[in-house]
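Asker: With these hints in hand, go ahead and build the complete structure from the sequences.
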Amino acid sequence: MRSLLGVAFLAVTAGTAGAQAPNPLATRLDAVTLQALAPTLEAARRDSLPVRALEAKALEGSAKQVAGPRIVSAVKQMADDLREARLLVKAPGAAAPSDEMVIAAADARRRGVPANEVASLAHTLAPGGPLLMAMAVLGDLVQRGVPAGRALAAVTTLLEGGATVDALSDLPARMDVALRVGASPIDALGSATRGRGARPANAGPPPSPPGRSDKTPGNQKK
Amino acid sequence: MKREPEDLTRYLNGELPFADLPPALREEALKFEGLVAALDREPIRLPSLRSGIEAIIRAEPMPKWRRLWDWFRTPRLSPLTAGLATVVGALAWLLLPSPESRVVPVAAVNPVVEPQIPLRTIRFTLEAPGATTVAVTGDFLEWRPEGVPLNRLPSGEWAGEIRLPAGVHHYAFVVNGREWMADPSASSRVEDGFGHENSLLIVPATDPAILPTATS
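For the protein sequence lines, the chains are A and B, in the order given.
What the first sequence shows, in my numbering, is residues 1 to 222, in sequence order.
What the second sequence shows, in my numbering, is residues 223 to 438, in sequence order.
Rather than coming from a laboratory, the hints here were simulated on the basis of the structure.
Check before you lean on any hint, since a few could be wrong.
Reference listing, derived: stretches of chain B covered by chain A, where coverage requires no fewer than 3 residues with Cβ under 8 Å from a Cβ of chain A [what the hints assert, rightly or not]:
hint	stretch
1	363-377
2	401-410
3	413-419
Heads up, simulated SDA-like pairs for lysine to any residue below, C-alpha to C-alpha not over 25 Å straight-line [said to hold, decoys possible]:
hint	chain 1	residue 1	chain 2	residue 2
4	A	64	B	350
5	A	76	A	28
6	A	64	B	352
7	A	76	B	398
8	A	64	B	407
9	A	64	B	373
10	A	90	A	28
11	A	90	A	64
12	A	76	A	90
13	A	64	B	248
Beta carbons: idealized from backbone N, C-alpha and C, even for Gly.
Answerer: Shown next, in the form of structure tokens:
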């Protein structure tokens with residue numbers, strides 16, 4: 001009987017606690033910041049943007065002990081980035097892009113990939129393909145100094161050649177091997193794609209057999 | 223004379239009559255007798271087990287409130303009460319005010335994801351031999367500063383695994399509880415909007431349909 005009463009008490013207590021589970025934004029942000037964020041989040045909901053990513057940005061700012069106004073500014077900037085990215089990746093007449101695709105496209109833009117290349121890659125790939133990885137690798141290549149057009153050509157060639165997600169995610173790490181020994185970004189890309197079905201715009205002779213990098217892939221950790 | 227102490231001992235043990243004691247020992251013997259007689263010879267009385275039990279049986283019954291209290295606080299679990307407790311606990315859980323209130327708290331080590339989304343195990347490592355603590359956190363943990371602590375390996379490397387859903391993830395390491403840093407081994411980094419960088423992780427979907435999709 002005592003056990004019965006005890007379990008019932010715990011269940012009711014846990015249920016009450018669950019009912020009061022607060023929104024992390026409300027508990028981790030001050031009231032002023034929360035109020036300042038509200039219009040941005042509301043507009044993002046209306047525009048079908050990934051609100052969860054915006055909330056995560058606000059929580060990230062809180063975790064990093066950033067001042068409230070700066071958090072608001074960063075979230076507003078991110079909302080603008082996501083709004084633009086959504087327009088870029090949404091093909092006319094096609095279904096709405098996934099939240100993840102919008103986030104990946106916004107990341108690519110933030111990493112220096114021009115709007116045209118982002119849109120082009122998004123519209124080139126068939127739904128269900130390795131869209132996210134391709135977009136991330138495009139950003140990786142541009143971030144490593146490869147001109148956007150050549151980076152896009154390399155990625156699309158790999159995709160047309162049936163490259164797997166693993167092969168795509170390997171590319172930046174393979175490129176880093178060449179960069180570390182002083183190769184230019186374009187030469188490093190050529191070295192990384194050699195024998196992998198991709199031929200960058202400046203690629204000269206047909207590729208020779210590939211060497212295998214021992215480096216652990218950075219994009220796909222396991 | 224050498225036997226004198228032995229004679230005294232024999233006398234005191236009752237093995238030798240007083241008269242047989244050497245004259246030199248008789249005075250000593252009398253002194254010992256005096257000392258022994260002065261001892262309290264009252265026997266020590268210990269209560270017997272039987273008398274103790276009888277005393278308990280004859281005692282007046284405890285008040286009801288005391289008996290109830292003793293019953294409540296004395297642990298005694300039978301299969302019947304355990305079963306009843308489980309049933310009542312389950313009923314109490316089901317009859318809570320609203321289903322929305324039954325939020326399962328997210329454990330510190332688990333990412334914030336919908337339960338039906340398949341997860342992939344991701345291993346995070348950081349080379350930081352001088353660190354006292356290393357944790358990984360990111361959007362998958364609502365950027366909780368405590369994150370998921372990594373374990374120190376004998377090599378000085380820190381490592382830990384988290385199960386993550388497919389998609390784009392931003393993350394960072396927290397070293398010694400206060401220093402934020404991007405993953406040096408990650409291929410992809412992205413500016414965090416606060417003047418630093420996060421690492422970017424793509425967890426590929428085995429089935430693209432599992433990715434969350436916007437409603438319009």
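Asker: For the pair supplied as a hint, residue 64 of chain A and residue 407 of chain B, is the alpha-carbon distance within the 25 Å limit?
Answerer: OK: residue 64 of chain A and residue 407 of chain B at ~21 Å, within 25 Å.
Asker: Just to be careful, I want the Cα atoms of residue 64 of chain A and residue 373 of chain B compared with a cutoff of 25 Å; is the pair within it?
Answerer: This hinted pair holds, its Cα atoms lying about 22 Å apart.
Asker: Holds or violated: the stretch 401-410 of chain B covered by chain A, criterion of 3 or more residues with Cβ-Cβ distance under 8 Å?
Answerer: Satisfied; 6 residues make the cut.
Asker: Compare the distance between the alpha carbons of residue 76 of chain A and residue 28 of chain A with 25 Å, and conclude whether the hinted pair is satisfied.
Answerer: holds (18 Å)
Asker: Just to be careful, I want the Cα atoms of residue 90 of chain A and residue 64 of chain A compared with a cutoff of 25 Å; is the pair within it?
Answerer: It is violated: about 33 Å lies between the C-alpha atoms, which goes past 25 Å.
Asker: Is the listed coverage of the stretch 363-377 of chain B by chain A valid when you require three or more residues with a beta carbon under 8 Å from a beta carbon of that chain?
Answerer: holds (count 4)
Asker: Count residues of the stretch 413-419 of chain B with a Cβ under 8 Å from any Cβ of chain A, then say if the count reaches three.
Answerer: holds (count 5)
Asker: Is the Cα-Cα distance between residue 64 of chain A and residue 352 of chain B 25 Å or less?
Answerer: holds (22 Å)
Asker: Sort out whether residue 90 of chain A lies within 25 Å of residue 76 of chain A, counting only the CA atoms.
Answerer: holds (21 Å)
Asker: Need the status of pair residue 64 of chain A, residue 350 of chain B: alpha-carbon distance at most 25 Å?
Answerer: At roughly 20 Å apart (the allowed maximum being 25 Å), residue 350 of chain B and residue 64 of chain A satisfy the hint.
Asker: Regarding the pair residue 90 of chain A and residue 28 of chain A, is the alpha-carbon distance no greater than 25 Å?
Answerer: violated (34 Å)
Asker: Taking 25 Å as the top limit, are the C-alpha atoms of residue 64 of chain A and residue 248 of chain B close enough?
Answerer: violated (100 Å)
Hints 7, 10, 11, 13 from the earlier list are contradicted by this structure; the remaining hints agree with it.
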